[in-house]
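Asker: Here's the letter readout for the chains.
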Amino acid sequence: MDNLSSAPANYIAPAPVSSPPPAAPAATPASSPMGQTPGYPPTNFVPPPVSTSGVKITTYTGSGKSLRGLIKLALLILLPIGLAVGGALTVSRYIFETTYKQTKGVLLVVPMKDTNWADLGVVFEPLVSLPVKTTTGYQTNQFLLDSGAVVSSLPREWATKTGQDLAFLPRSTFRGFGSTTSFAYQGEMMVMLGEQEFKLPVVFTEANTTKSLLGRKGFFETYSIYFNHKEKQIEIRE
Amino acid sequence: MSFLDSLDRISYGKILSLGVFLALLFGVPTTVLLVQQQTQIASRAYQKPEVMAEKKPPAGPIPAEPPQVGRVFPWVGKIGDIVWIQGFHFGNNPSQKSLKIGGVTIKEEDVAGWRDDQIQAIIPAGAGQGGIVEVRIGNHPVSQSLPIVLYDRNAKIKLRKQGNTLIALNGGQIAKVKAWTGDEKTPTEMVEGDINPNPAGETSVFDTGGKPMLTLLLFDSNSNILPYYVDPIEFGF
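The listed protein sequences correspond, in order, to chains A and B. Be aware that the first sequence starts at 1, since it is given in my numbering, and climbs by one per residue. Be aware that the second sequence starts at 239, since it is given in my numbering, and climbs by one per residue.
Each hint should be verified, as a subset may be incorrect.
Derived pair list, reagent style DSBU-like, types lysine-lysine, alpha-carbon separation capped at 30 angstroms [as the list claims (entries may be wrong)]:
1. Lys199/A <-> Lys211/A
2. Lys217/A <-> Lys345/B
3. Lys316/B <-> Lys211/A
4. Lys394/B <-> Lys161/A
5. Lys211/A <-> Lys232/A
6. Lys399/B <-> Lys161/A
7. Lys396/B <-> Lys133/A
8. Lys199/A <-> Lys316/B
9. Lys211/A <-> Lys399/B
10. Lys316/B <-> Lys161/A
11. Lys217/A <-> Lys316/B
Derived list of chain A stretches under chain B, where covered just means 3 residues or more per stretch with a C-beta under 8 angstroms from a C-beta of chain B [what the hints assert, rightly or not]:
12. 64-72
13. 80-86
14. 160-172
The set of hints was computed from the structure by calculation and includes no laboratory data. Don't be surprised by glycine CBs; every beta carbon is placed ideally from N, CA and C.
Construct the complete structure from the given sequences, taking the supplied hints into account.
Answerer: Written as structure tokens, this is what we have:
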């Protein structure tokens with residue numbers, strides 16, 4: 001090694017990571033007759049200059065190794081747990097929703113809408129928006145779920161939209177909120193509940209006396225309405 | 239060599255690969271286990287409301303004054319349609335009463351409501367065209383309405399409003415018109431006249447002069463009443 005120590009100052013031994021030194025010989029080789037050790041440069045050997053650019057010098061300490069090992073250990077533990085739990089929850093939630101809808105016969109899920117009343121505070125409104133079939137396609141209309149109403153109702157302007165002539169529909173009396181009475185015309189409407197189309201009886205009434213309602217006849221007596229307060233949603237079930 | 243040193247010798251790529259493998263190894267059975275769990279719904283299902291029949295008020299006394307029919311609203315309708323018979327002294331569902339529409343006595347179940355100033359009833363099958371409403375209460379004399387017009391899906395003539403003028407569509411057969419105007423504040427007035435119909439288009443049949451309509455009859459050349467219909471929205475009912 002004395003030969004190396006006599007190397008020029010600009011000679012830097014390669015770092016162990018990048019270029020580890022050759023393993024030490026098992027036994028000291030015999031010197032040549034010229035006094036040189038085989039495999040080593042002659043004593044008068046001057047190595048060529050080596051550029052240091054691009055050479056990464058890394059030093060190891062015991063604590064650094066432990067820290068990186070700890071990070072990798074944490075990664076090895078947390079990564080599978082995170083992936084497994086996340087994947088399991090995602091898949092099970094999707095399957096749960098699908099299974100829930102199938103087993104409970106859920107046709108439509110509508111999020112509850114809150115209204116902030118001046119005197120009562122925030123109260124949810126049982127409102128659902130359903131596409132109603134018109135002569136020009138489907139038009140979404142908002143209905144109030146009203147189990148107190150005998151039959152569903154729409155403003156009478158909807159009769160023309162749905163291709164029905166009020167003059168030829170049976171005429172009856174409609175009692176609205178506050179016992180107000182008006183004429184009502186009994187017709188039908190086709191609505192989409194989820195992905196299925198259903199025919200519902202409806203009365204067309206004066207718009208200023210009532211909102212659009214989904215009432216008992218044909219709706220509450222055919223479908224179950226479930227107010228799921230935990231999920232904050234209204235479910236219309238078969 | 240410690241365990242951490244051994245881990246340190248594993249590259250990050252291998253660590254990630256191993257992590258994904260372990261995630262699949264434990265995640266799939268866990269997911270299957272979760273999915274196979276029985277769903278439990280703690281809340282009770284919504285209970286369907288009972289269908290209630292609207293109760294009529296109990297039979298009331300015979301009013302002291304004789305009944306007085308004002309108008310039948312609307313004056314056009316179909317068999318099975320409801321009409322409002324407006325007037326005075328009908329009593330509140332009096333015990334002794336009789337109601338006829340177009341010559342047919344109305345059954346109790348077809349009377350939707352009976353109060354002192356209004357009766358709601360269904361036009362019965364068999365009611366005659368241009369018939370009247372007759373109300374009898376107790377021993378009071380019968381009160382009669384003006385004639386009403388019945389129509390069905392075969393009706394061709396449609397009456398429209400254009401300002402105060404009533405216009406008939408498809409009114410080629412119309413030969414004569416008879417109209418009544420008025421209300422409780424305006425004296426009842428009857429107007430009668432001949433019509434020269436426009437077979438191809440619109441025929442002007444009556445000018446209300448801004449007075450409220452009570453009823454209107456259209457006749458052909460043989461004095462038969464012609465059925466017609468109107469748009470309820472246009473005529474306000």
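Asker: A separate judgement is required for each hint: does it hold in the structure or not?
Answerer: Outcome of the hint check:
Our distance criterion of 30 angstroms between C-alpha atoms is met by Lys199/A and Lys211/A, whose separation comes to about 20 angstroms. A distance of roughly 25 angstroms separates the Cα atoms of Lys217/A and Lys345/B; the hinted pair therefore holds under the 30 angstroms criterion. Taking the CA atoms of Lys316/B and Lys211/A, the gap is about 27 angstroms. The hint holds against a cut of 30 angstroms. A threshold of 30 angstroms between alpha carbons decides the hint, and for Lys394/B with Lys161/A the separation of about 22 angstroms falls inside it, so the pair holds.
Between the alpha carbons of Lys211/A and Lys232/A the distance comes to roughly 23 angstroms, so the proposed pair stays at or under 30 angstroms and holds. A distance of roughly 21 angstroms separates the Cα atoms of Lys399/B and Lys161/A; the hinted pair therefore holds under the 30 angstroms criterion. Only pairs whose Cα atoms come within 30 angstroms are accepted, and Lys396/B paired with Lys133/A is accepted, the gap being roughly 27 angstroms. Note on Lys199/A and Lys316/B: the hinted pairing holds, with a Cα-Cα distance of about 24 angstroms set against a maximum of 30 angstroms.
At most 30 angstroms may separate the alpha-carbon atoms for a hinted pair to count; Lys211/A and Lys399/B meet this at roughly 28 angstroms. With a C-alpha separation of about 23 angstroms, the suggested pairing of Lys316/B with Lys161/A holds against the 30 angstroms cut-off. Proximity of Lys217/A to Lys316/B is assessed by CA-CA distance (about 23 angstroms); at most 30 angstroms being required, the pair is judged to hold. Beta-carbon proximity to chain B at under 8 angstroms applies to 6 residues in the region 64-72 of chain A; the threshold of 3 is reached and the given coverage holds.
Note: the region 80-86 of chain A has 6 residues with beta-carbon separation from chain B under 8 angstroms; the three-residue rule is met and the coverage holds. With 6 residues carrying a beta carbon less than 8 angstroms from a beta carbon of chain B, the region 160-172 of chain A meets the three-residue requirement, and the given coverage holds.
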